[in-house]
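6 protein chains.
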Amino acid sequence: MPQTYAYEHYNVTFPQDGIAVVEINRAEALNAFTGDMIINIGKVFNQLATDSDCRVIILTGAGDKAFTAGLDIKQTSLSGSPGQKDPARKMIADMRPMLMAFQNAVTQAEKCIKPIISVMHGYSFGMAIDLTTATDIRICTSDVKLSVKEVDIGLAADVGSLSRLVKVVGSMSWVKDICCSARIFGAEEALRQGLVSAVYKDKKEAMAGAMKLAELIASKSPVAVQSTKEILNFSVDHSVEDSLRYTAAWNPGALQTADIPEAIKASLTKTKPRFAKL
Amino acid sequence: MPQTYAYEHYNVTFPQDGIAVVEINRAEALNAFTGDMIINIGKVFNQLATDSDCRVIILTGAGDKAFTAGLDIKQTSLSGSPGQKDPARKMIADMRPMLMAFQNAVTQAEKCIKPIISVMHGYSFGMAIDLTTATDIRICTSDVKLSVKEVDIGLAADVGSLSRLVKVVGSMSWVKDICCSARIFGAEEALRQGLVSAVYKDKKEAMAGAMKLAELIASKSPVAVQSTKEILNFSVDHSVEDSLRYTAAWNPGALQTADIPEAIKASLTKTKPRFAKL
Amino acid sequence: MPQTYAYEHYNVTFPQDGIAVVEINRAEALNAFTGDMIINIGKVFNQLATDSDCRVIILTGAGDKAFTAGLDIKQTSLSGSPGQKDPARKMIADMRPMLMAFQNAVTQAEKCIKPIISVMHGYSFGMAIDLTTATDIRICTSDVKLSVKEVDIGLAADVGSLSRLVKVVGSMSWVKDICCSARIFGAEEALRQGLVSAVYKDKKEAMAGAMKLAELIASKSPVAVQSTKEILNFSVDHSVEDSLRYTAAWNPGALQTADIPEAIKASLTKTKPRFAKL
Amino acid sequence: MPQTYAYEHYNVTFPQDGIAVVEINRAEALNAFTGDMIINIGKVFNQLATDSDCRVIILTGAGDKAFTAGLDIKQTSLSGSPGQKDPARKMIADMRPMLMAFQNAVTQAEKCIKPIISVMHGYSFGMAIDLTTATDIRICTSDVKLSVKEVDIGLAADVGSLSRLVKVVGSMSWVKDICCSARIFGAEEALRQGLVSAVYKDKKEAMAGAMKLAELIASKSPVAVQSTKEILNFSVDHSVEDSLRYTAAWNPGALQTADIPEAIKASLTKTKPRFAKL
Amino acid sequence: MPQTYAYEHYNVTFPQDGIAVVEINRAEALNAFTGDMIINIGKVFNQLATDSDCRVIILTGAGDKAFTAGLDIKQTSLSGSPGQKDPARKMIADMRPMLMAFQNAVTQAEKCIKPIISVMHGYSFGMAIDLTTATDIRICTSDVKLSVKEVDIGLAADVGSLSRLVKVVGSMSWVKDICCSARIFGAEEALRQGLVSAVYKDKKEAMAGAMKLAELIASKSPVAVQSTKEILNFSVDHSVEDSLRYTAAWNPGALQTADIPEAIKASLTKTKPRFAKL
Amino acid sequence: MPQTYAYEHYNVTFPQDGIAVVEINRAEALNAFTGDMIINIGKVFNQLATDSDCRVIILTGAGDKAFTAGLDIKQTSLSGSPGQKDPARKMIADMRPMLMAFQNAVTQAEKCIKPIISVMHGYSFGMAIDLTTATDIRICTSDVKLSVKEVDIGLAADVGSLSRLVKVVGSMSWVKDICCSARIFGAEEALRQGLVSAVYKDKKEAMAGAMKLAELIASKSPVAVQSTKEILNFSVDHSVEDSLRYTAAWNPGALQTADIPEAIKASLTKTKPRFAKL
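Chains as they are written, first to last, in the UniProt record's numbering: chain A, 1 to 278; chain B, 1 to 278; chain C, 1 to 278; chain D, 1 to 278; chain E, 1 to 278; chain F, 1 to 278.
Simulated from the structure, these hints should not be mistaken for lab results. Built from N, CA and C at the ideal position, the CB exists for glycine as well.
Pairwise CB distance ranges, derived in the manner of DEER restraints:
#: 1; chain 1: C; residue 1: Pro261; chain 2: A; residue 2: Glu28; range: 19 to 29 Å
#: 2; chain 1: D; residue 1: Asn11; chain 2: F; residue 2: Tyr7; range: 55 to 65 Å
#: 3; chain 1: F; residue 1: Gly186; chain 2: C; residue 2: Asn104; range: 36 to 46 Å
#: 4; chain 1: B; residue 1: Lys43; chain 2: E; residue 2: Lys277; range: 27 to 37 Å
#: 5; chain 1: C; residue 1: Glu188; chain 2: D; residue 2: Asn46; range: 50 to 60 Å
#: 6; chain 1: C; residue 1: Asp143; chain 2: F; residue 2: Asp94; range: 36 to 46 Å
#: 7; chain 1: A; residue 1: Asp36; chain 2: B; residue 2: Glu205; range: 55 to 65 Å
So here's chain A without its partners, still in its complex pose (with noise of 0.2 Å):
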């Protein structure tokens, strides 16, 4: 029986077997995040991860203009009131704690087992450079906005842009540039710093394109494709020593599936293998 998804300011989708379509629905708001969104995020994608329904996830925003304008200022208490409590048990008490729960929310979309691909259009501010830098694939629009912002309203990003761009992204020139200015950039920049990996026209396009890529990566093996992801988010953090010896625990219970005969028969016969959800 198909799980029922139901949070306010999202909207969950399965257009495809196999596919589910995650929509930030706040459109009248250009899709700015409130505290509650963002941990509201953290349990779409906790969800999604134990729906064997699902196999691959796309992200996206509700309306033309903005896949997301970023943290909406005015329903998120960003900094206390100076000089009202001890410094340090509000630091401590207050900040901390909502700031790890928003980190933790963010980092929900990295645990995923399942491929996420995000697809900006639009103001894609802040909250969006933190959000898909979590996620794994990343396409666009050619008239997206992008822009680490969070210099712009007086603090460093916290909830993940700074700690995942150098490790998406090559070039530390081009990070320290957009992080520190918070200049705003566009979809050929984004595409040739790598930050994405495809452009599009347009917003339909766009999801015509993520939808394409995530029906090829539905049709393959579920174990390998889980397998996959979770060895490549290892890998990033890790010496490449370390990765192969996760790499070494995790596949000799992963290999003893029977994805690996029916993808070798199907090859071999030239028939389209048929994988059971995991």
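Given the coordinates of chain A, assemble chains B, C, D, E and F onto it according to the supplied hints.
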């Protein structure tokens, strides 16, 4: 007295002073790898590592069609027959030791202290990526067909591609795209993403290009070149601080070489320096 | 009261509020570095780190011909005379302390919590790469001549290039190519590989471009900018998880700044925010 | 208003200002853990982490016979029935998520920023070691029977004992002895090896000793105590250098507490300082 | 069919089902190690690692006088003759490969997935510490004479003692004392510091004690025991977080063993479980 | 020509060839540390590091009453006056640089490549632990009063105790007990827990014991001793694998010392070896 290299399916030649060419030589099967071939490539690099006649290595595949089509799935037991043996025993006693032996063989390319230039042409699937990401410099022909193919046979790449791709190119979005989809990509994309650092028209020109680069490197102080490879490899997997400390352990010994005065003298007198074998 | 900067071979000026320009000033020798100059560049960055008049730093080289031609091999004792002293004593008592002192000086660019923009023109060899890879943003002129030159004088680069290049650009094939061959490459290649993030026609335009970027960064909250540099630097060398944890230690203090309400107010009222010195 | 704690099989009481006692309360089954109980202990520590009435936590087991006899093997599905399901699917979709949920629950003891004192008596097997090695201070009764019991039921301990024992005691020879043999050992051996830091005659005296230590800790600045636990936990898993850097991110905020002048004043005037809740 | 073990200077016997005894057999030279012997000890452990008849290993030295007196300085070329060869070439081409081969041989004790119990008696100098710190459990006789002897012959211990002592005992003050002074210490001190976990009157009793412990471990599920050694070894060198993640990659495969139901059934029926070879 | 050491509050003497004694010399204030004194202790160790007359260092405190009573809270500004300055600016511009300067000074004891023996007597609070845990060998008198005192003045120890205690002793339960409670403990407990490796009746005997150990170490090859300290320090913070690799970078240079043939010859001829200064 020159060493001899007798390995089934590998030709090792020295077309020029200091330059070894290793040719994967099973063209009749698109240079597909059997288990024995994987073990042996490690031995080849090990022998070259201590052969003082060798300063630089070029790795290529025999024939016109392929660098390598990948693992020979008919000759390699990827998966046990499920149900026949205790899964934990199969994992610990069968699959893991085999996997670690394969990983270890490929890692010899990384451990070999002499620079290795890989020249990929035609089909360059699976093991092609595992193996060449463990080498130092990758170039290819304009018609190369590259793929992290493992997902197509139901498994996560486990002898190095996933652990090393995240270190040798910059765009994680692209790495996840090609690893989860197993799609075939070409020379232009490989160059743009930094997987290769040069593209040549065809195999003949690529080999000529590799040879020219090898000559250049072979003309330098082998103390300097080999120290450079070792320190770069260390740096990839460690913090800047640790790498500097490692360098400060390594170089104070290496700096006592006679190659430095020789190089400086040659530089000042505009002559060609001569460096002894290492 | 403004601090004074008196270092032989360095001019430190403040052409604009909050922006320091550090000029390597030994044009008569193509700005080649003596040992003393290396030690002193660390002192310059150290002093700027605690000078509250300084928010952003631009690093450039005097004259038309070179950012720096590298180490002045006539003024620096790279290698002991072999055979004169116990090799282990030379290693531990002479070479290693000197090397670590040089490394430590260059590392001050990284530790200085204010963003540093390097502007390379003309000859930019050896120390040019060591030094600028320890800074944050690299730009260059169209006629720049770049090289990791150390192999040409018989040694592995040891004051930072090898440890940092692998972190600041994406393509390892390219890094190994340039480090093992010591070949000279130009602006277009440096841009494509991400070593620099912008190329300008000549030195004048490059300095104007650097100044414009510096102004932009200097106009932001210094709490936000400096926190961003520190967290990015930490992130490069640590796992995502560790970086998030570090951020969650750092930001709960930094978020108590008055700059956030100031920035938000300015944003809502479309006025220019004013941030106190730090 | 005080929080309420309603968890089946856990009593949470506040016998004294600032001191919470968590009692594992399933004495009829020697406090053996069901799967639900494991998940819930994480929730208990999570709630206490943010309860400002709580400064120190004591963890104990109900009844005379056991802190806990370990996992309730009748209530927990340790292993799937072999042969019924694809081994890879069972591994990825069933066993791993369950295992990670258990690990995560136990880790909440470590993440809870308030010190936890474990008081072990009687049977203290399996989960007793998993759980208490994630707490901060371990004491026991003279009749305690300790064992890393997992090998006796055919598995490697996987919710923390193996990962944490190597960090909380010094002798690896002893750790391997007890983990590979699953032998039962007593209070004297646990004390000598540093697993516990105090031994008391019986449960009553051990609880009194724990309470006395808890009172002492609760009388200190909670800013100082909680910062100390967090930095110590970070230090165990990081290099000295990283730990110092983390401390230099954490303390400059924490040092702005009013507790320091309060503590110093009290020290100089020989009075008892009073520190606000955190 | 049982494997045969033919190594000069090593006797390998199976006095009991599942228990291999490796005896260093060069009593006429106080079991001092030649270079070949070091290389061979790695081969012995490698062979035992894949011998399904072997579940536990005991390592001992032949004769009454010594476990081993250390490196045989007459048979091993520790240092090149200074001045004869370029110091950098000697370092890179001669000393380092030899040293790494020795390190690698000793590390096979650690990599061998079966527990190794070392029994030290009489002179146990230098290599005795290098080798036994790479094994799992250390016991000794009351008359043992232990020393990290390398400083006495002018070098820092380099095949493992320095790298492993800091991991296998708790007191760094003691480690630095014995390593910098090369002083001889006895059984009582070794036990108190945790270097050994048991002391016996003489070699006969120590071997009996080792045999009894080996029997106990051999009677357990080999899946559980070998998983335990591997996870403990991983944990020593990684953060708790990484170790838990590694465990969650390893155990979901291992938990599918038939040994768990067998162990639980035996536990409930108070019978002796029987576990198949691994 | 011998160097001179002129530091207020430190006496540096050479009572014997190769042995430096550093005495904290502010007995009138129980050797409490001012900020300047912390900075200077780093300079003292730095100077000794490069003084070839110094092979071993003993650290002691003047007077009968105290090694050091800790930080002089009247002379050091621990906390800013809350409310007077932007908390983020105080954190980034004031507290963090001061804290890092203090940490850096203490770390010079670790970086100094010559072994340091700390002799603690009487009050040994706070800075006593910070400082001596950065040295190599700790001994004490029977009447020593030790305490990680920082919690008692409202802060977490931040110049090293928390980062280093977890590395220098084995029992984490004990470390957390003493750090969270700030309780005073004595010589017997310090010895049992491995914080010190020897206890002497009084200061005179402790100094005699330290001198004897220093003589023994000073009689060994300084190449061997200093290499040993450096490799041990590296090993504490790195994996076994990394430490072995570091050793294999370091030792091939150090093994070329003339000290090895000298030591071997002396050993064979039963004479006393003589090693040149380093």
